[in-house]
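There are 2 protein chains.
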Amino acid sequence: MTEGRSGPVTLVGGGSMGVGWAIVFARSGLDVRVHDASADVRRGVLPAVAERLAALAAHGLLDEAPRAVMARVRVVDTLADALDGAVHVQESVPERLDLKRELFRAMDEMAPPDAVLASSTSSLPASEFAADLPGRARCLVAHPANPPHLLPIVEIVPAPFTDPAAAERTRVLMARAGQVPVVLKREVNGFIYNRLQGAVLREAYWMLEQGIADVADIDRVMTSGLGLRWSIVGPFETSDLNYRGGLAEHARRMGERYRQMGAERGQPEGWSEALVARATAERRALLPLEDWEARVAWRDERLMAARGAEHKAAGQANGAPYNAPAGSTAAGGEGA
Amino acid sequence: MTEGRSGPVTLVGGGSMGVGWAIVFARSGLDVRVHDASADVRRGVLPAVAERLAALAAHGLLDEAPRAVMARVRVVDTLADALDGAVHVQESVPERLDLKRELFRAMDEMAPPDAVLASSTSSLPASEFAADLPGRARCLVAHPANPPHLLPIVEIVPAPFTDPAAAERTRVLMARAGQVPVVLKREVNGFIYNRLQGAVLREAYWMLEQGIADVADIDRVMTSGLGLRWSIVGPFETSDLNYRGGLAEHARRMGERYRQMGAERGQPEGWSEALVARATAERRALLPLEDWEARVAWRDERLMAARGAEHKAAGQANGAPYNAPAGSTAAGGEGA
Numbered sequence: 001m002t003e004g005r006s007g008p009v010t011l012v013g014g015g016s017m018g019v020g021w022a023i024v025f026a027r028s029g030l031d032v033r034v035h036d037a038s039a040d041v042r043r044g045v046l047p048a049v050a051e052r053l054a055a056l057a058a059h060g061l062l063d064e065a066p067r068a069v070m071a072r073v074r075v076v077d078t079l080a081d082a083l084d085g086a087v088h089v090q091e092s093v094p095e096r097l098d099l100k101r102e103l104f105r106a107m108d109e110m111a112p113p114d115a116v117l118a119s120s121t122s123s124l125p126a127s128e129f130a131a132d133l134p135g136r137a138r139c140l141v142a143h144p145a146n147p148p149h150l151l152p153i154v155e156i157v158p159a160p161f162t163d164p165a166a167a168e169r170t171r172v173l174m175a176r177a178g179q180v181p182v183v184l185k186r187e188v189n190g191f192i193y194n195r196l197q198g199a200v201l202r203e204a205y206w207m208l209e210q211g212i213a214d215v216a217d218i219d220r221v222m223t224s225g226l227g228l229r230w231s232i233v234g235p236f237e238t239s240d241l242n243y244r245g246g247l248a249e250h251a252r253r254m255g256e257r258y259r260q261m262g263a264e265r266g267q268p269e270g271w272s273e274a275l276v277a278r279a280t281a282e283r284r285a286l287l288p289l290e291d292w293e294a295r296v297a298w299r300d301e302r303l304m305a306a307r308g309a310e311h312k313a314a315g316q317a318n319g320a321p322y323n324a325p326a327g328s329t330a331a332g333g334e335g336a
Numbered sequence: 001m002t003e004g005r006s007g008p009v010t011l012v013g014g015g016s017m018g019v020g021w022a023i024v025f026a027r028s029g030l031d032v033r034v035h036d037a038s039a040d041v042r043r044g045v046l047p048a049v050a051e052r053l054a055a056l057a058a059h060g061l062l063d064e065a066p067r068a069v070m071a072r073v074r075v076v077d078t079l080a081d082a083l084d085g086a087v088h089v090q091e092s093v094p095e096r097l098d099l100k101r102e103l104f105r106a107m108d109e110m111a112p113p114d115a116v117l118a119s120s121t122s123s124l125p126a127s128e129f130a131a132d133l134p135g136r137a138r139c140l141v142a143h144p145a146n147p148p149h150l151l152p153i154v155e156i157v158p159a160p161f162t163d164p165a166a167a168e169r170t171r172v173l174m175a176r177a178g179q180v181p182v183v184l185k186r187e188v189n190g191f192i193y194n195r196l197q198g199a200v201l202r203e204a205y206w207m208l209e210q211g212i213a214d215v216a217d218i219d220r221v222m223t224s225g226l227g228l229r230w231s232i233v234g235p236f237e238t239s240d241l242n243y244r245g246g247l248a249e250h251a252r253r254m255g256e257r258y259r260q261m262g263a264e265r266g267q268p269e270g271w272s273e274a275l276v277a278r279a280t281a282e283r284r285a286l287l288p289l290e291d292w293e294a295r296v297a298w299r300d301e302r303l304m305a306a307r308g309a310e311h312k313a314a315g316q317a318n319g320a321p322y323n324a325p326a327g328s329t330a331a332g333g334e335g336a
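Read top to bottom, the protein sequences are chains A and B. Heads up: the first sequence begins at 1 in the working numbering, then just goes up one per residue. Heads up: the second sequence begins at 1 in the working numbering, then just goes up one per residue.
Only chain A is shown next, with the shape it has when bound in the complex:
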């Protein structure tokens, strides 16, 4: 695969994911071609891109005029024209296996042989839709969050047959486009993103069913607590920073309590000593214990910046500026 060849990034599927991707690539200076099988959808792409670019500009999140970004996005009528000369093809059609299979076969026939073929699927591994293709070595999943132009994570999931060079080229492209790419070491149902989301949703639905709290209050615990912190430090770093002594101390103090909660929910196995040791070793390589205090201060600095932005967004510049935000639900409700 040629590293240096220049050419457009081609987006197949012009729904909200395709629109988000168009912004991601175009604002980073890349030429973008968008194709959708539906003429109606094609007609909607540029207006939707323009609308989102205007909002980004209004928030100071665009470093050039929206029309300069727009100029790099072209909507094309046929798949063949869309794929001509592409260096990366990003498929974002509806989540149906038959559709993906058919489309990947066509893309593999028509795209330049050195183009990477990536799917935005949130749950279907490339093994299921690309295994039989002559060009399967260049096929993989590059799963964005929704919306991709505001949430930078991209999960790159190679199938066993994917050429590691294709995953690496995708990683470099995504990083260059300002996203945060993570390459999974192997395929897994739901990838990381939806496995974590699924774990939370299962627990949230269970608590609703058990009559612990209603939907609004469960959501509130997330937005006003956990989510705010998880937007800055992930689950491992959160634990690492919550106890002086780091992750190992967290596991020593809290491991048994979490094991009990898991046991109530069909997951009786605790975290083994070896597993905690492995996670701890990785954390210590990222953050030596002598930097722990400084990192806690950094977390709190970031939290303060986030709270500041929240108050501004909620229009609470007047009154008590430390007041809680207006709640996470449209209708608001009790409790602040």
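The hints are simulated quantities; they were obtained by calculation from the structure and are not laboratory data. As the structure is a prediction and not an experimental result, all values here were calculated from the model. Any given hint could be a false lead.
Each pair may be met inside one copy or between any two copies, as identical chains are not told apart.
[As the list claims (entries may be wrong)] Mimicking SDA-like on lysine to any residue, the simulated pairs with C-alpha atoms at most 25 angstroms apart in a straight line are: (1) 185 - 257; (2) 312 - 109; (3) 312 - 63; (4) 312 - 57.
Position chain B relative to chain A; hints supplied.
Showing chain B alone in chain A's frame:
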């Protein structure tokens, strides 16, 4: 219980939780008394409060001078002096059942009979440390996040013997102090906060063990995707806004996939139709479907504000402002 009596809020335990609570109550205009059994800890309280208040002021999160807030915080040497006249007592000593039992007995003997006695415990229900007390009807859990002055959520967890009026008074006090109180309908191991956190940690450790990704990458999926969104919309609202048609459509399209992920992890039961219908009814009461598009736009507005704050905090005002933040880990790493 008298609604109107004025008096100080008393904090028992002067570690980082006590310091956070002191800020929460003092900045909202309430007089605060702090007691800790250790003279060393007592000496550290005011300097720690001063340091955090200075940081809040620097971020524009305080609407008066730090010294005016400080003037409302008094450290006292004995438990009896601390409890004298208190309207609310908030205990934040180490997470040991014997300590809590002993302390709640003493507090119940010494505090004014109409004072609420609340524990900051993250996992011990009041049933376990207050069941035998004459004043158990005024005992409950009021669990904050860490740190409480930056994360507004407070879980109020009444025991079966708790007077609902005590829970309500605590809710009103916390809301008045600018926190986001949520009253649980019943006791449950880990409450909502740590049940959600536990679900994520169990899945995160499992993925590490299975060799899906390392600690840094799992954390990155959270901070650059899920956490960012969960800081604005909770798990139910996230699902509600991810599909046109709302939560019911989300369950129809994604329910089976999430059920499969759960089945791989000891949780084979899916979300029943009745459960989805209940959650949907609650969401529709909060957000009628005709307001769905506007709420998605609101979510994106809030995300843009959050991203803007992130870039500012990360000192990325120059260069491409939409670039991803520097990663969630001190040592940084690959991928943006």
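Each hint, compared with the structure:
no., hint, verdict
1, 185 - 257, "between (30 angstroms within a copy, 21 angstroms between copies)"
2, 312 - 109, "neither (51 angstroms within a copy, 45 angstroms between copies)"
3, 312 - 63, "both (22 angstroms within a copy, 14 angstroms between copies)"
4, 312 - 57, "both (17 angstroms within a copy, 15 angstroms between copies)"
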